[in-house]
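K.L.:
Residue numbers (the numbering used here), protein chains in the order written: chain A, 1 to 337; chain B, 1 to 337; chain C, 1 to 337; chain D, 1 to 337.
Where hints are given, some of them may not hold.
The list treats identical chains as interchangeable, and a pair is accepted whether it falls inside one copy or across any two copies.
Lysine-lysine pairs mimicking PhoX-like chemistry, simulated, CA-CA at most 20 Å apart [to be verified]:
no.	residue 1	residue 2
1	K266	K106
2	K165	K25
3	K55	K132
4	K110	K55
5	K248	K118
6	K118	K89
7	K248	K262
8	K89	K132
9	K28	K118
10	K96	K248
11	K327	K266
12	K89	K28
Since the hints were derived computationally from the structure, they do not count as laboratory data.
Protein chains: 4
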Amino acid sequence: MIKLGMIGAGRIGRLHGDNIARFIKGAKLEAISDPYLTDDAKQWAADLGVTKVYKEADEIFNDPEIDAVLICSSTDTHSKYLMEAAKAKKHIFCEKPIDLDIARIKEAIKAADDADVKLMVGFVRRFDRDHKGVAQVVKSGQLGKPHLIKITSRDPEPPPLEYVKVSGGIFTDMMIHDFDMARFLAGSEVTEVTAIGQICITPGIAQYDDVDTAIVSLKFENGAIGVIDNSRAARYGYDQRVEVHCDKGAVLDENNLENHIKISTKDGVEIAKPTWFFLQRYNDAFVAEVQDFVDALVNDTQMPVGGIDGLMSVYIAQAAKISLDEKRTVLISELTE
Amino acid sequence: MIKLGMIGAGRIGRLHGDNIARFIKGAKLEAISDPYLTDDAKQWAADLGVTKVYKEADEIFNDPEIDAVLICSSTDTHSKYLMEAAKAKKHIFCEKPIDLDIARIKEAIKAADDADVKLMVGFVRRFDRDHKGVAQVVKSGQLGKPHLIKITSRDPEPPPLEYVKVSGGIFTDMMIHDFDMARFLAGSEVTEVTAIGQICITPGIAQYDDVDTAIVSLKFENGAIGVIDNSRAARYGYDQRVEVHCDKGAVLDENNLENHIKISTKDGVEIAKPTWFFLQRYNDAFVAEVQDFVDALVNDTQMPVGGIDGLMSVYIAQAAKISLDEKRTVLISELTE
Amino acid sequence: MIKLGMIGAGRIGRLHGDNIARFIKGAKLEAISDPYLTDDAKQWAADLGVTKVYKEADEIFNDPEIDAVLICSSTDTHSKYLMEAAKAKKHIFCEKPIDLDIARIKEAIKAADDADVKLMVGFVRRFDRDHKGVAQVVKSGQLGKPHLIKITSRDPEPPPLEYVKVSGGIFTDMMIHDFDMARFLAGSEVTEVTAIGQICITPGIAQYDDVDTAIVSLKFENGAIGVIDNSRAARYGYDQRVEVHCDKGAVLDENNLENHIKISTKDGVEIAKPTWFFLQRYNDAFVAEVQDFVDALVNDTQMPVGGIDGLMSVYIAQAAKISLDEKRTVLISELTE
Amino acid sequence: MIKLGMIGAGRIGRLHGDNIARFIKGAKLEAISDPYLTDDAKQWAADLGVTKVYKEADEIFNDPEIDAVLICSSTDTHSKYLMEAAKAKKHIFCEKPIDLDIARIKEAIKAADDADVKLMVGFVRRFDRDHKGVAQVVKSGQLGKPHLIKITSRDPEPPPLEYVKVSGGIFTDMMIHDFDMARFLAGSEVTEVTAIGQICITPGIAQYDDVDTAIVSLKFENGAIGVIDNSRAARYGYDQRVEVHCDKGAVLDENNLENHIKISTKDGVEIAKPTWFFLQRYNDAFVAEVQDFVDALVNDTQMPVGGIDGLMSVYIAQAAKISLDEKRTVLISELTE
């Protein structure tokens, strides 16, 4: 039985905590830490039967009973906690992104490597039944070599301006999931990035040098090309679809819908909308993700998403921003070399 | 916090038990009883933190801490436990059917009424998101009066002959769910039943005077008509669809699929099959069902499915068998009067 | 080049005439006759380049240049013209039904047989791409033996009362198409018929001893069972779907839609309605039907739909009416023996 | 009755000719010319009842009875015939592209303007029921301002190398249809073009400086952005889909399928492929296109697709090639100014 400590008991932390209590086999949540330990958080921990409840993450790092930690704190603390956890010889599940700074990401990955602890980055979409199924079809080779990857990813409603201000921009905050998905589906590294973008939804974000609608084209090492479109406001729900066109055909997935009901009248035919947002769409994927993390610990196998995945997606995001600004294709090698 | 006792810790009991532990708000599982209390069942109870583990249901009935019971034992014991629970003043959730004998069903319902305890019968499909949604559209009146109800219900694979032998026949064992669904969708009582059937799948069931493929037509008090088709072997999964055609149009639901992936090649386009069987399809409905039971206790409101529903569905099943045998329409009033 | 004469230049006749001019290979329309030869009909014939335009069908029968006739006149004249055409040694395409009277149908079929002319009855739905495709999958045997045939057939709007009055009733007028489809899909003759019906849409039809909503269950010689539902008013278009469940799985078709457009907003997702009525849905089938007739003449092969098909569908319709009235299953053998 | 002359009786010319004979109201085909007047072409003209059959287009231009011409000859002769037709005061339907050379296109458009004859360019996809329906939803304003246009366009099988050699490259030969569609859907002119491409299918096309898989991103004057993906080999049929995401939601169309049949077994569920290629998919659009041309002549209204549309799509195609070569965003103004 793997004993887990959780750093950060906010929305995503509690989501994982509830999932661990309900569904995860082979692990239990033993401790939580949160600097703003609210009464609400304490109650939540008590309800789950977690008795080790701390303000300081250190207490978790110093607890010899804890095998692994889940870093669910705010983004700007991820790399710091990651390095401290590594030093404490705890295996690590870290919510994405590790950091927005390439040097910090590299340092964090190195810390985990040096400490010989396992590190998984939380790109939850890889664990979605449909996206994973598409990736498996591609990987199986049944359709031959991939030629073209297409990813549609739209949030239902735009975030508040305050969020955009500190988000790091659409590529790092939102499309980073799609960059990881693109690498996952292509089974290959991105080599070139070409971006265009526009402010269509929230005029106010101009002041933060950001866009809310964007298209990014990619080239991959294996010869495939790809394209991602992002919008901050689909309005009709969470539009999450992927397509891979290969030598012998194509595999794609369609949106998960709120229900399977169809109403037909002389005025038209109505069907359900896509599920509203990531908590609905990736509900089961959050469980599968942590189960895979635990299984990799139990079986001492490779993590399904590693530090390199956290690093590469940030490189691509940075290249996209440069491309957007300079109106040219940016080679990933410009950043890595 | 409602304290629940569970009578019978077999497959369906454990399903409810796990759901209560994971999802149900406002209630906890306090005790279980099972005459064949296996080590496996004991371990399961221990894992859930249930400490009151008995062989005899009496111990639950006699426990003043228990507010309500879930009768999940074998079908032939339902009415007995129901009456004992009523006598002990416990509210009752009873898996369907209450009994196969009309007199016993009436007696059981009367026992609950006399004891002034609430009684819910476990017709789980009413709590399925899609079927429930269809029923809500009908009930809303937005499409006008219902004209025609259609229900398709096919199991993926035929049951073993030993099961068929004691099942009570396709109408009582399998189509009973659809009879309840028909009443639920029509919002009206069935008045006439006309059945045809055939042995298409399992020749051996002829010895048990049963069929494996059947079509039953219905008339309802409100003027609607309906039809149900059942097959013991769809082969491609669990085919569960309903349609209601009304004055101004129709509402229907389509099968839940295993995923939303589409593979296109020159040889054709492949999509996913329906989910395999009731544990997959009605997974969430099992949770919603018990939550509604608990909510009705907490709020002291009417049970969403009552004893009358358990009774009427058996009447219809019996009428269907007579119709099949006598090749004529059978009035429900022939049985009730 | 087969030379065709057309008896009756009303809606359906002109439809066939236009199709022959535009699409049919190996035949041309040489003559038309219509007792009410309107200026409009004359103009239509002139536009098509048909120079032999008569009031009397006799002139067509007596024309040695005519190889075959299409009987598109009013229903009550079908059998009369059919027998006259047979006598004149013309091959015959006859719109359905041949007659509403069994004896007349038999006489007409015998006339064609005796004259050794080919006879095809216009059950156009057999030539619909989708229904035909379903029948071919069943016939191929890839799914094993058929168990259950389901046919949904609903008109968009109810006909006027005057139409109902002379229509012969829902089974003979409307469901007759579905009876033929059922035989076509099952690849077997119907042996038993069980009907229920209701007046849901047009109260006034009660005076004509008719219903507007009906469900008919069928048994077939090959052991399959089936069910057809009809409604005179779907409201959302022409609902035309068939399903065949077999040993190894099922094959079905979905409605043809007006377009493939999907509009998604926060208020819901809208898709297109089914095509409006038979002129839209069976547009291409009308062409394929006549082409198959012509091909069978050119190649001297068997007609795809014969007199027996015209006869059996009327038997089933009559059995359905008796079943509806007597609330019992009716054997086809009760009528044929 | 508009009298039409057709220049070029190859595949596309005969398609239009057959459509005119069968479907087009208000016009008739009076003359054809083709320098390689084969016996086959002569027979085709005779079957259609066209008696004026020439080798030289001049004979059509000099015929005072001819109101308008359809230029269906080889691409390299379009602009020449267009200018000659204009000089002869004939209205003009010209298959796309007018020319591959911008100066020639401008000269041809000017010739038509100067002669005060109407000019329509044959971008047939604008007349597809589904694409047109999507454009109408956008234009109606019901979804608000367009943000993002997506076009998927894949041919089923790659063309022969000899074809590629003279095709002008994927942007001018194939994606030109999508550039026009993008302008049509956005209701706005393209201002910036960014292309990436790859050789995934036919290695031999490298020698012709072409690619077979390409993604082109667009910016529009009205603030929308867009993306087109093209592949020369989808394998599963003709993949033709458009999406427009707007302020209040999205409108898209799905592929036309070969049929609506679904086969379900334990091995999976099979549905139909998209229609095979443009002759199937755009069959009805070819009719609608010429009817609209004729209607604009009859009613003396503006042509639905004008010379400017022929010009702008070539500008975008040229910008795409420069972008591909120079790995940068190209402004349309770089070419027009």
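K.L.:
So, for every hint listed, does it hold in this structure?
P.N.:
Okay, the hints, checked on the actual structure:
Taking CA atoms no more than 20 Å apart as the test, K266 paired with K106 passes in neither setting, with 60 Å inside one copy and 42 Å between copies. Taking the shortest Cα distances, K165 and K25 never come within 20 Å of each other, neither inside one copy (39 Å) nor across copies (38 Å). Taking the closest pair of Cα atoms, K55 and K132 never come within 20 Å of each other, the shortest separation being 37 Å inside a single copy and 45 Å across copies. Proximity of K110 and K55 under a CA criterion of 20 Å is satisfied in neither setting, with 27 Å inside one chain copy and 57 Å between copies.
In this assembly of identical chains, K248 and K118 lie within 20 Å of each other by CA distance neither inside one copy nor across copies; the values are 38 Å within and 45 Å between. For the identical chains of this complex, K118 and K89 are intra-copy neighbours only, at 9 Å inside a copy versus 56 Å across copies, given an alpha-carbon limit of 20 Å. For the identical chains of this complex, K248 and K262 are inter-copy neighbours only, at 14 Å across copies versus 34 Å inside a copy, given an alpha-carbon limit of 20 Å. When the C-alpha separation of K89 and K132 is checked against a cutoff of 20 Å, the pair qualifies neither within a copy, at 31 Å, nor between copies, at 51 Å.
In the homo-oligomer, the alpha carbons of K28 and K118 lie at most 20 Å apart inside one protomer (18 Å), although the nearest pairing across protomers, at 38 Å, exceeds that limit. Proximity of K96 and K248 under a CA criterion of 20 Å is satisfied in neither setting, with 34 Å inside one chain copy and 30 Å between copies. Taking the closest pair of Cα atoms, K327 and K266 never come within 20 Å of each other, the shortest separation being 49 Å inside a single copy and 34 Å across copies. Taking identical chains as interchangeable, the C-alpha atoms of K89 and K28 lie at most 20 Å apart only when both belong to the same chain, with a minimum of 18 Å there against 38 Å between chains.
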